[in-house]
Every structure is written in C-alpha cells, then in structure tokens.
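Student: In order, the protein sequences belong to chains A and B.
Residue numbers for the first sequence, in our numbering: 1 to 469.
Residue numbers for the second sequence, in our numbering: 1001 to 1486.
Think of the hints as simulated: they come from the structure by calculation, not from any bench.
Since the structure is predicted, the reported quantities are computational estimates derived from the model, not experimental observations.
Misleading hints may appear alongside valid ones.
Claimed, not checked - With a straight-line cut-off of 16 Å between C-alpha atoms, the simulated EDC-like cross-links for lysine to aspartate or glutamate are:
1) B/Lys1256 x A/Glu229
2) B/Lys1256 x B/Glu1145
3) B/Lys1108 x A/Glu131
4) A/Lys264 x B/Asp1147
5) A/Lys191 x B/Asp1291
6) B/Lys1293 x A/Asp119
7) A/Lys145 x A/Glu229
8) A/Lys49 x B/Asp1147
9) A/Lys264 x A/Glu332
10) A/Lys366 x A/Asp234
11) A/Lys271 x B/Glu1118
12) A/Lys95 x B/Asp1147
13) B/Lys1108 x A/Glu372
14) A/Lys95 x B/Glu1145
15) A/Lys264 x B/Asp1207
16) B/Lys1108 x A/Asp127
17) B/Lys1446 x B/Glu1393
18) A/Lys264 x B/Glu1210
19) A/Lys70 x A/Glu332
20) A/Lys366 x A/Glu229
21) A/Lys70 x B/Glu1125
22) A/Lys141 x A/Asp210
Claimed, not checked - In silico contact screen, one side only, chain B against chain A (beta carbon under 8 Å); selected entries:
23) Gly1083
24) Thr1090
25) Arg1113
26) Gly1117
27) Leu1123
28) Glu1125
29) Val1126
30) Ile1128
31) His1134
32) Trp1135
33) Lys1136
34) Cys1289
35) Arg1410
36) Pro1431
37) Asp1434
38) Leu1442
Virtual Cβ for every residue (Gly too), placed ideally from N, Cα, C.
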Amino acid sequence: MNMLPDGAQDRLLSNAKLIANTCTSFGVQQWDIVGFQSYGHELDIEAGKITMAGGGGEGGFGIRVLEDGKFGFAHLVDVSGASRAVEQAMGIARKSPSIENFVLPSEQDAQSVGGMCDDNILNLGPDDLLEQADAVLSAVKSADKRAIVTGGGVGISATASCLLNSEGILETGLSTSHGIGVQVTVDNDGKMTSSYQGDSSRTRMVDVPDCIERAVDWAVKTQNPIEVESGAMDSPVLMTSEGFSPLFSMVVPPAMMGEKLVRKESFWTGKMNENVMAEDLSIHDNGLLKGGFSSGSRDGEGVPKRNQSLVESGRLVNMLWSTRDAAQQVAEGRIDAAHSTGSAVSRGHQSPPSTGASEIMMTSSKGSRSFEQLLEQLGDGYVINGVMGAHTANPTSGDFSVTTSSILRVVGGQIIGPLKQAGLSGNIAKALAGNVVLGNDVRRQGSYSSGSMHLPDVLLMEGLRVNPA
Amino acid sequence: MFPCDYMVMVANQGEAHKPSTGRYLDQEKVRKALDSATTYGASYAEVRLVSFTQSSVAMRDGILERAIPGQELGLTLRILADGAWGVHSTTDIASLPEQIESTTRLAKAVASRRADGEKPIGLAEVPIYEDEQHWKSKIDVRNTELDTKMDLMNDFYRGASQHEHVVSVTTGWSDEHIHTELMTSEGMDRTWSFQRSLIHGMVTARDGGEVVSYRTRSGGQGGLELIQGVDLTQLGEQAQNAAIRLLKAERAPSGKMPLIADHDLTGVYIHEALGHPCEADLVAAGDSCLDGKLGEKIGNELVTVVDDPTLMGGYGAYPVDDEGVNTREKVLIKNGVLTEYLNHRETAHHFGLEPNGGARAQDGLHHPLVRMSNTMILGGSHVDLDELMEDVEYGIYACGTRGGQVDTGRGSFQFAAQEAWLIENGELTRPLKDVSVSGMTLEILKNVDGLTQNASLATPGFCGKGQTVPVGDGGPVMRIGEALVG
C-alpha cells in the first residue's frame, strides 16, 4: 500500500490554487503560497524494545502577500479559512514598512534535482519498520551484549509540497525520507556511558546503517575513564563529524548570510574577498545536490537553487541572500547591490521563508586523511565525538564553551583512554583559520540552524582549549 | 465536510478562533470510535485534540520585520492493545473513525514482538472526569491588536537602543491560546484551555572588532496583562547595560572553583541536572542516573526541589496534564533525599507509583511524554548574594542563561551563563563572558552549600526532548562549593 493517499498531491495543489484565487479576488498585488502535506510511520524504541508504533499525516499552507513592497504572512490548515487568512496577511502588510524594489521572483528555468523520492519508501509499511527495528536491536546486541538501546527509533515519511506565486512560478514536489537513530547505553556496574548516532536518507536504507555500530562503539569505548591531569590547556583536537557539526552549523552558516555580514553581525563582516580560513579550505553550498535533504530545484521563494562557492581556497567569495533580505539591505543602504542566491529556506507552512544554507560542504585542496592518519598527525591531544551545549555557542563572535563526555585522550598518536568529562572552549572562526586537516569519511549531519552539513572528521590543531574535569 | 481526506473537519474554523459549540470534537462520534477500539481488542483508547491559536511578531530596530497569525489544529489517537501502543496523529479529524482498526492492529503488532518475560505496558488508574477547566486570562491575548504589540515591543527598543555601541535591537512577541479536548475509552471527557504570552529582546553591541549580544525574556502563563505589567523600557535598559558590560568582559578562567548562580541560572541548573534525570520515562528506559535511587540522599540537605504546574503565571503552568490527570506540586528532592519522579500514567504503573500530572505533548500531533513544568529549588537561609560571597576567595558569580543540556544516562550536564563576574576575596571584581559550567548530577547536588532565602521563577524557557514545550525554572541565588567552569 502506498504511504501517500491517492490524489494527495493533486488535492494539495488544488487547495493552494483555491487560496491563490482568494488572493486574486481580494486584489492582492503579489502573493505566494506554499503548501506541505506529510504522511509517515514511525517506531519508538526504549529500554531495548519497541514501545510504540505510530503514523499519521499533517500539513498546511502559508500565504505571503506583497503590496507596494510591504509584506504580510498568515498560515492555515483548513482552506475554508482562506479569506480570513488573506485578510490577516493584508492587514499585517499595511502595517509593515515598505521595502523599495522588493518584488516576488518571476518564473525562471530551474534545473530538476533527482533522488528526492524513492518508491521503495512509499511502499513501506509499519511491518517493514518493525522488521528493521528488530534488526537494529539485534545489531546492537551482537555488537556488545551490555549495550541497550535506551531511545531512538525508525521512521519514514513522504511529503507532497507545492509553491505557486502571482508571477507564474508553479512548483510541485514529492520527497521521501527514511531515518534511523539510536541512543545506546552501556551499564557497567552502575557506570553508565551512552552515545546517540543517527542516519537518514531520501532513499530506503535496506541494511542496518553504520551509525548503529558507531553508537555502540562510542558507548563502549568511553567506559572506564582514565585520570588525567586537571587544568585547562590549549590542545589540538580531532573532532569527529558528529562532534564537530553541531558547533560548525551553529556558527559558520550564519556567518555567511548576507544580512548578517552587512549588518556587522558576522565575525566575517568586512572580509569579503579576504582570507578567512586556512588557504587549503573551501566551503560551498550545493543547493542542487542529488537526494539532499535541503536541496531542490527552487528555493523557498521559487528562485532556482545553485551550487555556489562561499569560501574558495580560504577566501570569502560569496554570501547567501533571499530576495527579501537582498532588497531590504540594498534599500537601507548597507550594500550597493545584492540579489537572491536561491537561498530562501522555507521551514514549513507556519513561517515565511528566511535566508539559509542548503547543503554545506567543506573540502581541502590538501586532500584528506584516514582516521588513523589524523590520529598520527594529532600526536598529543584529544578525540571528541559529541558535545553538550553547542546551541549556546555565539554565532556573532564564533566563541563557544561546551562540555563533552565523549572524549578520548591521545598520546603519541595512540588513544590511551576516555575522560569522564571535560570542557571544550575556543573560537570556531579562529580554529578554522589555523592548521586544519580533514578526514576522508564525509558524513551528512543535521543542523541547529539550517541546511545539511556534509563534514568529515576534522583535526583542529590550534585555537581550542580542553579542560578535563 | 470538506471534499478531501486530509483537511480538518471543524465548525466555523475559518471565521473565528473559537469553536462555535465550545467543542471541536463531535462527542457522540468520538465515543463510538473509542468503543469500536475496544471491540477490536484495545484495552485503552484516547483521542486528544489541541487547537493552538497563536501569533508571533518580530521587530528589528523598532521596525516590523514580520507578524504571523495562525491557527493549528491537530489530533492524536492513542491505543493500548496487548500491552503496547499504537498511535495515529493527524490534522484530518474527519478521518478518525477509519484509523481505529489500523492503529489497534499496529499496537498488537508491536505487542507480538515482546520477548518472554518483558513487562507489557499498563496504565495506572486515575480518577475519571467529565468537566471543563478554563484558565481565563485577565486580558484575552487573542484580542490584542498588532499595533498594541508593536507599541509594547518599542518600549523595549527605546530602553535598549540609546547607546553608541548598540548596533541592533531585535524584539519578539509570541502568544498562544491552547484549547485541548481529551476523550478516552474509560469515559474521561475533559476540555481545558489557557494562554501563554511572551516578549523577548536581544541587544547586539559592537566596539571595534568585539561583538556581543545579550538576550532577555519576560512572560508566562496568562494574557496581555503579563506583558503590560512589565516595565519594558527598563527591561531594555537592563539588557543594554548587560551588553555594554559584556563588551568589556574578559574570558572566564577555566577550572574547578566555587560558583554562585543567580536565580535564573539556578533554574536552568536544576532543570538540566536534576529535572531531566527525574523524568520517569527516561528512568524506565534505562537512561537516567537516578534509576533505583528513590529514597536515597543524593544532594546536600539544603536542597529541596519542586516541580509545580499549578504555579499560575509560570511559563510551564497548565491546568490538566495531557492524559487528563489533575496537576499538583511534585517534591522531587526533600532536604537532599530523592522523593519523587515525574510520572505519566505509563511510568506510574511501571514503578507502582501515583500518576502526578507530568504528561505533556508539544501539540495535538504529538503523544505525551513525561515533562517538567515549573521547576524550582526552594530558598535557604542566606540573606543575600553578599552573604553567599563572604567566604569565597576566588570564584565566579554567573547570571542569566544561554541554555543548557544534559546526558541523563551518564548524569552529566552543561549550562551557560549570559554574563558573569569574578569573585575575589568576597567581592565582585571583573566582568566575565562565555562562562559555561558542567558537572555530574550525583556529585554537584552535594556541592550546593548555600541558598538565599528568596526563591522565584525566573525567565520563561523552552525545553527540548524530541518535542519542545514551554517551561518555567527558578530558585534562589545558589552557591556551589566546587564546579567545573569553562
């Protein structure tokens, strides 16, 4: 049985058109409408067993109206409320400041992006998920008999979406996702260690993903902490992709947003075309990535997405803009010219699009190293696989001060044991401007701020301070 | 009825923010649906509908950035069959009856995988009510005009912006009217409603290459009266002063040292370090360091901690929990002894305890988890901050929160302060920034060695546990004899 009810996409679009007709009947100058409708199944795992099976569907519409550069927004679930919602949005627009030259984008050719929908997921049902959850539980047990899945689960979803505006843009899409995540705990005579790892894909994950083994591995290898000399000291740190991405995503993508840069709210303000990172490092945002979780043919305003360099060989070369932010910052005189870079992100029907990254990738012209080679280059220092408090990092300055209980001491390139707990502090911008070595196993990670982060393990030789408990 | 299978079927939703009949659910139809669940083999079935009428506003430097009104309606059907849960969540109320059989089947499929000796899920018994409980706000926040909200937000802006180093002031507004209807196969039929209102601001200041920001919030459970009762200009001035202080602040020293936390940070500390490990669903899952420790002394006898959803005005207050259980104050620690977990019906049954009103769901599309509400350490015997500082030769006084996080299984936690001062020989000396504190729950609760007499709820907060819910945290000013800083 297909997860998506018959005709679901058509109904979504026809209801969006109903709202569009309402906008037209009210005489709205410009409007855009986004619609989402998701269906899914999920299983919860706790205490080493499947505890709940769930499913369902949800969705709604967001309406943006634009009158003489003034915009208003409202959202709704039930299209019978379209008139009221359009009136609300128009009322808000009337009270909003006019942004000179802010107009909604018109139709442009957009490249189609594949890999977004897998029929194999659409045809999965709860029984398939139950079998997969059983396989996950077995994999954890076979990796280590002491290991228990204390949280997490398996889920699939299918989302129909549409975007249409008064300027002729009409985009519909169907995407699928399959996710598996586990919190694994190892209890060794009351000394508990744990690790959360997860993976997700637009296509069906037939086998038990590698993240399950990694979760067990980290829960096990942080058992039996060693004593180290306390006291904070500067130290090189090898951060795994999972450990690094929360800090990176909290701080780096916002620093490349046009609005933040011109408002002087980015640590890279005033550094356009200057070196901001180590000269071998580049960052690009591939909005056209096949099968990406944040890629697609068009952004949240309907502008075609692109694959764009943001930092090239250490030099800041581009910034991220939505149509609205670009018009506003030009109108307010903070920058002479700015145009949408196809970077408007729609985070659902309940909020208007805002600027964000799609699929951020960091690469090095020096190539990449295996984990063992990174350890060797680290010499004396630490490996960190997860931090607590990444959301408290300061995106304006890049400063952070977090805690980790997923940390290993390394001496002479050899792991000698875990620490019970340690503080980790520093400045991400400064660390990335120093000596940075990238691993060769790039893994996609979610994000606190926006988009997906495709990051390998990262060896940061400078700019970090470790404070063992 | 609407001509599609995924839109809500409600009376008059498009025209007003209240259901015309006072109820969204058709009680007769829902009762029949719940009865049919029993015939399919369910031991328990419930339908919970939540309507959120909400509004948010964002301004920057006194200019409207966005205003978002909206109404969201969701429903969750939860069925317990053969000791396992099946759940269906939807925005399509009309589809409810056809989901009963498949959701019961789902629960049975989960149950069939239970290994020999594994305990089936059960629910602790609770009193069955058929009633309505509506916490009326003094001023219904739904009737607030956008102009009124903008005027209030501009009061904050005026207080915050008048300084050469302030580069931007952003202000935000959020209000919501929450209407919940719960019907169960046991005959529970409860409707309750209440409101929350919140205003927040952030001041960003720059001096040369140094950029800092300071955030503040005010609000809680209630209507417009909560925001009107705050001197927002003064709140803005305080935030501006803090941001300017941070421009001059030094990075905090690292190491183990005495820490004094203001009532705001004390609240976050107790939320992260103790509140989460006390959530009985985590305890039952084997993911809490407090498993098996009920009745044990786990903290200094100075420490008494309560979680109380009946604290009217607190951001985490609610009249009835999301399983229809009446709320009450829970004493989690009494004089250092762990006395109570936070429970919902499932965990109460699992541990043979009383349900205590701890079930909360983010909205109508999520099932209830065990959550905190308003969590506080009660006051102690010290008169004030000065008395707490008297004995401190070298330590830190930390204020305001930038959030925290906990690993409940390991019992380790972290929280970060907005600003801080160095304490030297009992005196506040230099301002500090980027102070974060970490520790182990079972160690640091024993290190609390001083609490001021006055305890209060602090700034409203949000707690994430897969689902996000509003919470209130607070306490007195607290001294920890030794904490890991930085």
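Student: Each hint should be assessed against the structure and marked as holding or not.
Tutor: Checked hints:
Our distance criterion of 16 Å between C-alpha atoms is met by lysine 1256 of chain B and glutamate 229 of chain A, whose separation comes to about 13 Å. Between lysine 1256 of chain B and glutamate 1145 of chain B, the direct Cα distance comes to roughly 51 Å. Violation of the 16 Å bound is thereby established for this hinted pair. Restraint check for lysine 1108 of chain B and glutamate 131 of chain A: satisfied, since their Cα atoms lie roughly 14 Å apart, inside the 16 Å limit. For the proposed pair lysine 264 of chain A and aspartate 1147 of chain B, the alpha carbon gap of about 29 Å is over 16 Å, so the pair is violated.
Straight-line distance between C-alpha atoms of lysine 191 of chain A and aspartate 1291 of chain B comes to about 12 Å, which keeps the hinted pair within the 16 Å bound. At roughly 49 Å between alpha-carbon atoms, lysine 1293 of chain B and aspartate 119 of chain A are farther apart than 16 Å, so this suggested pair is violated. At roughly 33 Å between alpha-carbon atoms, lysine 145 of chain A and glutamate 229 of chain A are farther apart than 16 Å, so this suggested pair is violated. For the given pair, lysine 49 of chain A sits about 53 Å from aspartate 1147 of chain B by alpha-carbon distance, which is inconsistent with the 16 Å threshold.
Our distance criterion of 16 Å between C-alpha atoms is met by lysine 264 of chain A and glutamate 332 of chain A, whose separation comes to about 14 Å. Between lysine 366 of chain A and aspartate 234 of chain A the alpha-carbon distance is near 25 Å, which puts this suggested pair outside the 16 Å criterion. Pair hint lysine 271 of chain A plus glutamate 1118 of chain B does not hold up; C-alpha atoms about 61 Å apart against a cutoff of 16 Å. With a C-alpha separation of about 8 Å, the suggested pairing of lysine 95 of chain A with aspartate 1147 of chain B holds against the 16 Å cut-off.
For the suggested pair lysine 1108 of chain B and glutamate 372 of chain A, the alpha carbons sit about 47 Å apart, so the restraint of at most 16 Å is broken. A distance of roughly 11 Å separates the Cα atoms of lysine 95 of chain A and glutamate 1145 of chain B; the hinted pair therefore holds under the 16 Å criterion. For the hint pairing lysine 264 of chain A with aspartate 1207 of chain B, the CA-to-CA distance comes to about 11 Å; that is within 16 Å, so the pair holds. Between lysine 1108 of chain B and aspartate 127 of chain A the CA atoms are separated by roughly 11 Å; this keeps the pair inside 16 Å, and the hint holds.
Distance check on the hinted pair: lysine 1446 of chain B and glutamate 1393 of chain B sit about 20 Å apart at the alpha-carbon level, beyond 16 Å; violated. Distance restraint check for lysine 264 of chain A and glutamate 1210 of chain B: the Cα-Cα separation of roughly 11 Å lies within the 16 Å cut-off, and the hinted pair is therefore satisfied. Of the supplied pair hints, the one linking lysine 70 of chain A and glutamate 332 of chain A holds, its CA atoms being roughly 14 Å apart against a limit of 16 Å. Restraint check for lysine 366 of chain A and glutamate 229 of chain A: not satisfied, since their Cα atoms lie roughly 35 Å apart, outside the 16 Å limit.
A C-alpha spacing of about 56 Å is found between lysine 70 of chain A and glutamate 1125 of chain B, which places the hinted pair above 16 Å, so the restraint is violated. For the hint pairing lysine 141 of chain A with aspartate 210 of chain A, the CA-to-CA distance comes to about 15 Å; that is within 16 Å, so the pair holds. Look at glycine 1083 of chain B: its Cβ only gets to about 10 Å from chain A, farther than 8 Å, so that hint breaks. Satisfaction of the interface hint for threonine 1090 of chain B is found here, the shortest Cβ-Cβ separation to chain A being roughly 5 Å, below the 8 Å cut-off.
Because the closest C-beta pair between arginine 1113 of chain B and chain A is about 6 Å apart, less than 8 Å, the hint holds. A least Cβ separation of about 11 Å between glycine 1117 of chain B and chain A goes past the 8 Å threshold, and the interface hint is therefore violated. Interface hint status for leucine 1123 of chain B: violated, as the beta-carbon distance to the closest one in chain A is roughly 14 Å, over 8 Å. With a cut of 8 Å, the hint placing glutamate 1125 of chain B at the interface with chain A is violated, because the nearest CB-to-CB distance is about 21 Å.
A distance limit of 8 Å between C-beta atoms decides the matter here; for valine 1126 of chain B the minimum to chain A is near 20 Å, and the interface restraint is violated. This hint is violated: isoleucine 1128 of chain B has a C-beta 24 Å from the nearest C-beta of chain A, more than the 8 Å allowed. Interface hint at histidine 1134 of chain B: violated, since its Cβ lies 23 Å from the closest Cβ of chain A, which is beyond the 8 Å cut-off. Using the Cβ-Cβ criterion of 8 Å, the hint placing tryptophan 1135 of chain B at the interface with chain A is not satisfied: the shortest such distance is roughly 25 Å.
Against a cut-off of 8 Å between C-beta atoms, the interface hint on lysine 1136 of chain B is violated, since the closest Cβ of chain A lies about 24 Å away. Hint status for cysteine 1289 of chain B relative to chain A: holds, with the closest Cβ pair at about 7 Å, below 8 Å. Against a cut-off of 8 Å between C-beta atoms, the interface hint on arginine 1410 of chain B holds, since the closest Cβ of chain A lies about 5 Å away. A hinted interface residue such as proline 1431 of chain B counts as satisfied when its beta carbon comes closer than 8 Å to some beta carbon of chain A; here the least separation is about 15 Å, so the hint is violated.
Taken as an interface hint, aspartate 1434 of chain B checks out: its beta carbon lies about 5 Å from the nearest beta carbon of chain A, inside 8 Å. A distance limit of 8 Å between C-beta atoms decides the matter here; for leucine 1442 of chain B the minimum to chain A is near 10 Å, and the interface restraint is violated.
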